[in-house]
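Read off the chains here:
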Amino acid sequence: MDNDLVTRAKDGDERAFEMLAAAHHPRLFRVAYGILRDRHLAEDATQQGLLDIWRHIPRLRDTSRFEAWSYRLLVNACYDEAKRRPNWVPSADLTPGDMPVSRDASGPVIARDQLSRALQRLSLEHRAVLVLRYLMDLSPQEIGDALDIPRRTVYSRLQRALENVRGVLEADARTSGRVSAREEVTR
Amino acid sequence: MNDERLGKEIGAFYRETDVRPPDSQESARQVAARLRRTPQVKRRRWPAAWWLRTTHSTDTDQATEHQASPIPATNGHTPTVIGRTHVMFSPVKAITAGALVFALGGTLLIAQPFGQQGSVPGAATDADDPGPAAYVHGFMFEGDCCGAEVETYDDEGNRLTLRGSVASGNVKMDDARMSGAWEMKLSIDEFPQPGTEERVEIHWGELTITNDQGDWSGAWKSTYDSEQVLEETELALYELTGTGTYEGLSALLAPTGSAGEFGKLPLGGAIFPSPLPPDSAYDD
Chain C
0 MDNDLVTRAK
10 DGDERAFEML
20 AAAHHPRLFR
30 VAYGILRDRH
40 LAEDATQQGL
50 LDIWRHIPRL
60 RDTSRFEAWS
70 YRLLVNACYD
80 EAKRRPNWVP
90 SADLTPGDMP
100 VSRDASGPVI
110 ARDQLSRALQ
120 RLSLEHRAVL
130 VLRYLMDLSP
140 QEIGDALDIP
150 RRTVYSRLQR
160 ALENVRGVLE
170 ADARTSGRVS
180 AREEVTR
Chain H
0 MNDERLGKEI
10 GAFYRETDVR
20 PPDSQESARQ
30 VAARLRRTPQ
40 VKRRRWPAAW
50 WLRTTHSTDT
60 DQATEHQASP
70 IPATNGHTPT
80 VIGRTHVMFS
90 PVKAITAGAL
100 VFALGGTLLI
110 AQPFGQQGSV
120 PGAATDADDP
130 GPAAYVHGFM
140 FEGDCCGAEV
150 ETYDDEGNRL
160 TLRGSVASGN
170 VKMDDARMSG
180 AWEMKLSIDE
190 FPQPGTEERV
200 EIHWGELTIT
210 NDQGDWSGAW
220 KSTYDSEQVL
230 EETELALYEL
240 TGTGTYEGLS
250 ALLAPTGSAG
260 EFGKLPLGGA
270 IFPSPLPPDS
280 AYDD
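Chains C and H supply the protein sequences, listed in that same order. Under numbering that gives the first Met the number 0, residues 0 to 186 are what the first sequence spells out, in order. Under numbering that gives the first Met the number 0, residues 0 to 283 are what the second sequence spells out, in order.
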């Protein structure tokens, strides 16, 4: 079904693209929100990403790669949205409007507000690989294909992102005097 | 906490703080309402299949805004000019070329008129000798793209022209004289074919290869063998003249295959110690 819609959209079928957009919007929004941590910005980025997909879909050779290819355009749209808002600072707090969809049954080891602040400090490129890896469960190879970057770059960004998160958590732990948290995060 | 454990914590955080997305049908309708003002970019065949990596678009809705002084089109249409820093999306790396390789054989010199041994490709026998004639093979590697491109479109969203595209990267040939950094300038004209959706594309531009010993530069032209022999067959010929240490040499290069998944476009051609062949088959 998807391949047929993609093929028709490549030929300029607007109705087919609308159906494709509706089907993939939740996935794309999820990634955009993961990166931008702002609902309105994520919706804008998702819509812009879909428009970019429409513009460039005639160039997509292999329709079966649509999903991976769409990540690239969506992530680029997230970068652009963030750059258009020079004063944008993603929300570090869980607001009453946020509605948790699921909860880790084992319970958190790291306080969620600490983790939120740590993730907030990351660059957009680092956030993107973390979201694709740990929210969308893509392998490093799949992330490389999606973002059109070498796998070694994916590994490098993942490693650097995790190091940065760990560094902020350790600094936070020292500041707050939480010895147990420091013991948890120290390698 | 090791990376694996930290990664799981991060994943759990993302899932816990996931928010319900907006109504996808409504969002899709809003996007669909803007499609008519958003022209599709038709399939582009690059003479060298370079890939845009980690750069991203600064496009906004300017895609539908008119710029001043539209570039006159060659087919009578009044164009819509779109100027922006353009994201060059990587197609599946399957551009296959090589039909022009056969044309090289009729114009290349194989003899070594200066009596050089030439046992080591690229080796010059003295300071003034730019080196022997030689067949060369190697790869053009992906680089950066595309500069401040300006495109024009017809009223139906079909591209008419592209100007101002610049890409760069590295080239490694089995002859060190032709290895180094490359930069390519690209222009495109597109023409409709009545009765078909396929458009005739004509590409042209300039290629420069630079290394510590000198430069190669020159013009190139190409078109497209659409579905006649091999899909996505690009017919391109780069005609280069040497400077610096390579003064007195010329070269003809052409893509000889697909760039594949890793951005390596195979090139083949020859270096020879004379000016480029004249445009006419016969000397006047």
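Rather than coming from a laboratory, the hints here were simulated on the basis of the structure. C-beta: ideal position from N, C-alpha, C; glycine also. It is possible that some hints are incorrect.
Straight-line C-alpha distance at most 20 Å; calculated EDC-like pairs for lysine to aspartate or glutamate [claimed, not checked]:
| no. | chain 1 | residue 1 | chain 2 | residue 2 |
| --- | --- | --- | --- | --- |
| 1 | H | K184 | H | D143 |
| 2 | H | K184 | H | D173 |
| 3 | H | K7 | H | D17 |
| 4 | H | K263 | H | E182 |
| 5 | C | K82 | C | E124 |
| 6 | H | K7 | C | D112 |
| 7 | H | K7 | C | D136 |
| 8 | H | K263 | C | E124 |
| 9 | H | K7 | C | E42 |
| 10 | H | K263 | H | D143 |
| 11 | H | K184 | H | E205 |
| 12 | H | K220 | H | D173 |
| 13 | H | K171 | H | D143 |
| 14 | H | K263 | C | D144 |
| 15 | H | K7 | C | E169 |
| 16 | H | K184 | H | D214 |
| 17 | C | K82 | C | D43 |
| 18 | H | K7 | C | E141 |
| 19 | C | K82 | C | E42 |
| 20 | H | K263 | H | D173 |
| 21 | C | K82 | C | D37 |
Chain H side only, calculated, beta carbon under 10 Å to chain C, not exhaustive [what the hints assert, rightly or not]:
| no. | residue |
| --- | --- |
| 22 | M0 |
| 23 | D2 |
| 24 | G6 |
| 25 | A11 |
| 26 | F12 |
| 27 | V18 |
| 28 | S23 |
| 29 | E25 |
| 30 | L34 |
| 31 | V199 |
| 32 | S279 |
Now the stretches of chain C that chain H is said to cover, found in silico as 3 or more residues with beta-carbon under 8 Å [said to hold, decoys possible]:
| no. | region |
| --- | --- |
| 33 | 43-49 |
| 34 | 114-124 |
For each hint, the structure was consulted:
no. : hint            : verdict
1   : H:K184 x H:D143 : 12 Å, holds
2   : H:K184 x H:D173 : 24 Å, violated
3   : H:K7 x H:D17    : 15 Å, holds
4   : H:K263 x H:E182 : 15 Å, holds
5   : C:K82 x C:E124  : 13 Å, holds
6   : H:K7 x C:D112   : 16 Å, holds
7   : H:K7 x C:D136   : 11 Å, holds
8   : H:K263 x C:E124 : 25 Å, violated
9   : H:K7 x C:E42    : 26 Å, violated
10  : H:K263 x H:D143 : 14 Å, holds
11  : H:K184 x H:E205 : 5 Å, holds
12  : H:K220 x H:D173 : 24 Å, violated
13  : H:K171 x H:D143 : 16 Å, holds
14  : H:K263 x C:D144 : 16 Å, holds
15  : H:K7 x C:E169   : 18 Å, holds
16  : H:K184 x H:D214 : 16 Å, holds
17  : C:K82 x C:D43   : 13 Å, holds
18  : H:K7 x C:E141   : 18 Å, holds
19  : C:K82 x C:E42   : 15 Å, holds
20  : H:K263 x H:D173 : 14 Å, holds
21  : C:K82 x C:D37   : 14 Å, holds
22  : M0              : 5 Å, holds
23  : D2              : 5 Å, holds
24  : G6              : 5 Å, holds
25  : A11             : 4 Å, holds
26  : F12             : 5 Å, holds
27  : V18             : 6 Å, holds
28  : S23             : 4 Å, holds
29  : E25             : 9 Å, holds
30  : L34             : 5 Å, holds
31  : V199            : 16 Å, violated
32  : S279            : 39 Å, violated
33  : 43-49           : holds (count 3)
34  : 114-124         : holds (count 4)
When held up to the earlier numbered hints, the structure conflicts with 2, 8, 9, 12, 31 and 32 and fits the remainder.
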